[in-house]
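Undergrad: Join the two chains into one complex using the hints; note that each chain is given alone, in its own frame.
Sequence order for the protein chains is A and B.
Number 18 in numbering that gives the first Met the number 0 belongs to position 19 of the first sequence; there are no gaps in the numbering.
Number 198 in numbering that gives the first Met the number 0 belongs to position 199 of the second sequence; there are no gaps in the numbering.
Derived by calculation from the structure, the hints in this document are not laboratory data.
Some hints here could point you the wrong way.
Unchecked claim - Here are the simulated distance ranges between beta carbons: (1) A:I209 x B:K15: 36 to 46 angstroms; (2) A:N11 x B:I149: 47 to 57 angstroms; (3) B:F25 x A:N158: 32 to 42 angstroms; (4) B:M33 x A:N11: 47 to 57 angstroms; (5) A:H205 x B:I43: 52 to 62 angstroms.
Note that the Cβ used here is the ideal one computed from N, Cα and C, for glycine as well.
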Amino acid sequence: MNAVEIKNLSKNFGAKQAVCGLNMTVPMGAVYGFIGENGSGKSTTEKMICGLIPVSGGSIKLYGKDYTDGAVRARIGVLIEAPGCFPGLSVWDNMMLQAGNLSIPDAEKEVVKVLKLVRMEGAAGNKYKNCSLGMKQRVGIAMALLGDPLLLVLDEPLNGLDADGMRIMREVLTDVVKDGTRSVIVSSHLLGELQKVATHYGIIRHGKMIREMTADELDAGCRTYVALRTGEMNKSKMLLGCRYSRVEEDEAGFLRVYDRTTPEEIVTYLYENGICVTEMRTDKIGLEEYYIDLMKEGK
Amino acid sequence: METKRELKFESPSFSKRLKGMLGVDFYRLFHTPMFYIFLVIAAIIPAMVSAMTTMPDANGNKMEPLYSNVWQIIAASEPLYVVNSIADYANMNMVFIFGGIMVSIFIGHDYKSGYVKQLFTTHAKKQDYMMSKSIVCAFAMVCMCITYLIGGTIGGVLAGYSLEVNVGSLILAILGKMIMSFGWASLYTFLNIIFRKYFGVSIASSFFFGTGILIIGIAAIVENLSLPTSFLNLFLYGSSVNACLVSGIPTLLICAAVSAAWAVIYNVLGTRILSKSDVY
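Here chain B stands alone, though its shape is the one from the complex (with noise of 0.2 angstroms):
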């Protein structure tokens, strides 16, 4: 036997650990053709809603377009609320709906193929797991944004939408819909670690959670019931969709606030949720 050496314990510090698991997350991200399939949907979609909502009717007649303007696909004219018909959340809020699949999917490779067991048996904390997925899908759902508002303005343009919109509130929308993103992919890593055994109820509550149809089932009851909505509108789907044509700075703030809300109260939930059951 050699001469002992020296033992060494260095803990790796919490920006060192996050750097680390977000830069294989980002290669994953990368390497999966499953990110570029959303990307291509999410241009696809909003230009096929234009086309067919200007496209006449089987006796041949044309049909009252969706949109009267472009940017209606990007963002509603006015702020939605979850009372509203489900129909009015037709624009970018859709992308959430995708993203949603995409990080049921991403999380649901990590448990199949076991690489949460690698993981977590390494200094990584399940903090840091939470944290790099929200900011990687969250990443990942802003490329979606872009990729939708493409799509969305072409599509709009070659109906003969007009294209008329005041720039300033337009860029507030889509950027509050992108800060956005953070809160919905906690809310969505969240979901998935909660049903993390359960891929297809996990893909299933994201769904659901996306569309918001949850949440205006739940918004009916509460109404109803005459009970106030605002606390539905702000915490549960409400600042996403205040997002709209009008929006002000106070909209991007709004966002801004919910979005952190979100990633803070969804983080430390599922972060309690993975230390006190078996990861693998």
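Chain A with its partners taken away, still in its complex shape (with noise of 0.2 angstroms):
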């Protein structure tokens, strides 16, 4: 059993089709990276899975049932945009109105887990509207986890975190998945960021999925690249650029040749143009660069 099957599935806004005839699996246990451009149509499925607006053909399963169905419904931890948060209560009196909307029993207890599990357990009494945009979220994703959600949608819930605020989400998505029953579909555009976690992917297009597969697969279909430092870096890279389609210099003052060629082939190339390689490597591309490559391709 899969923990989200969709299949065919569509949604129009008036003549505007925004999702069409998409099909997706999420199996147990997964950390699921929905990719795709702005407009895509990720938001919109996302919000379909959750309910908020009803669908206009196909179907959703969650663990098997219909995604309307009750049971699985109090199953889900959903955090879409920002979290929906009334500003003038505190953090602890929005958190407990969330209990008490999935009639947790415990709630006061669950609700200080789900604040230590993001850190926050010392702003529990600053009212919401004076949080930071990085507290915000993780109010968000702490409003998420309540209920013990089997499956959690997380809409950018990467946007307007630290560094510590990544790393803190990075290590509660990984510890939500690891009894391998419960899921995450989770979307952002820190795709560096997304390929540290996720055990799966999703690539949306234009409202239709145009890739699925999961990490391993990601790994098997990047290419290599080949990085390179010498004495002369813009005439090298002057050289290059003539004889390969695509050299970037990265963040770290390396060239990067993306074709498919050798490093033997490019240090004879530079050599023969009196300069010297004096560091090289090969790498594989990463998430970003699939991704940009793939969105070139359909272009």
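TA: Here's what the structure looks like:
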């Protein structure tokens, strides 16, 4: 049984088709990275999974049950865009209200537990409106974790998080799925961060799923690139740019050649042009480059 | 990966869901300054109306008092109908105007803060939301009726009005209006669900229904067309103004029946609208 199984899902807003014939499978125990451009239909799909907007066609099954089933809805934790909190109430009060909506028996204990998980126990008394963006995101994540959810749907949960917040988020997500029954759907534009936790990926474009794969499949599908440093970087960049179609300088000051080639070929070429290579390595492209390539292919 | 645990899905019962949601809505009501402000307004307005109508005019002449009896501030001397002058409705029915505005603000906050998004991603059902809001807002209006009664009585006594009344009828009239609060709260919740994305329009609609301007307007048209207005009296506006100082048990029964009918109709319609449209 899969945590989420979507078949032929569609959603129309008047004449505009936001999602068309989307198929998606999220296995149990997966952290599913849901990727796509702005306006590709990610949030609409997530809202349909969460029951916030009615579907126009197709089916959504959550743990084998229809997504409208109250029993399965009680086990979903959601953070879409920003948490829905009352600004004038404290973090604690907002958490308790959501615990009330979920009919959690030992609400106080549960709220303390999830606030500790996101390191917000010290700020529980703060009014929500006085929290920073990062703190608000943490509250949203804590709220989504209330009631021991089986499925977490997180839309851009990394927005506004600092380095510590992102680390906590990674820990939380890894911890959530470790028993193999719970699953997470997480969409984010921070693909580097997403790659650190995701076990499965789904790439959506113009409302259609264009690729679904596991992290291993992504790894196997990612081609290598050659990174190098020379004594004359500007000249090297110009020369390599004349010969290869994609040459870029990275943040560490390395020149990256993404074309299909070998280190030997590059060294020989530069040597023939009077340039010595001082450092060289080969590496695999990450999710970000893979995604950019895929989008370029589509265009 | 640890061993997979057994999956348990428990469908919360209607009473459990409603209890949870009512707890949340009552908590919010009691922690919202707006609620207390409206309670104070409900007490001050009748006191002010009583005092002002006994004040001398610009020439120093004493004005004709609006009321002759303290309890006319609470309910009309005789049953009113939709074709009566709108000024005749200036009694405890005014609570339904304040109540309407309060409901608009209360539900408006749900949407503005994104709370509904958080709520409807849980097991909460649309009918629970309609029912919970109707109950909590009806409770708020009953509280306003009580503060109105206190304010109106004090104001009337200070203005020197007579206290003579048939106590039984007075109690029945007050109870009738309190019972109608549930019907009114359901109507306002329904209106605010329709205009949930337009806060200003939802407040305006509550105001127009609460004051009866719309209904009296419709009644005038209906009467001009020589059609009966009894339907309007009963289903649209009549029963809460039927609760007057000569009320008997039948009045209370009419109020209960109309209130229940309003609640059912508006809750069903509101639930349907919420189910068929985007929540957020």
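Undergrad: I want to verify a distance hint. Is the separation of the beta carbons of H205 of chain A and I43 of chain B within 52 to 62 angstroms?
TA: holds (59 angstroms)
Undergrad: Is the hinted range of 32 to 42 angstroms satisfied by the C-beta distance from F25 of chain B to N158 of chain A?
TA: holds (33 angstroms)
Undergrad: Given the range 47 to 57 angstroms, decide if the beta-carbon distance of N11 of chain A to I149 of chain B lies inside it.
TA: holds (55 angstroms)
Undergrad: CB of M33 of chain B to CB of N11 of chain A, is that within 47 to 57 angstroms?
TA: violated (38 angstroms)
Undergrad: Does the Cβ-Cβ separation between I209 of chain A and K15 of chain B fall within 36 to 46 angstroms?
TA: Because 43 angstroms falls inside the window, the suggested range holds.
Comparing the model with each numbered hint stated earlier shows that hint 4 is the single one that does not hold.
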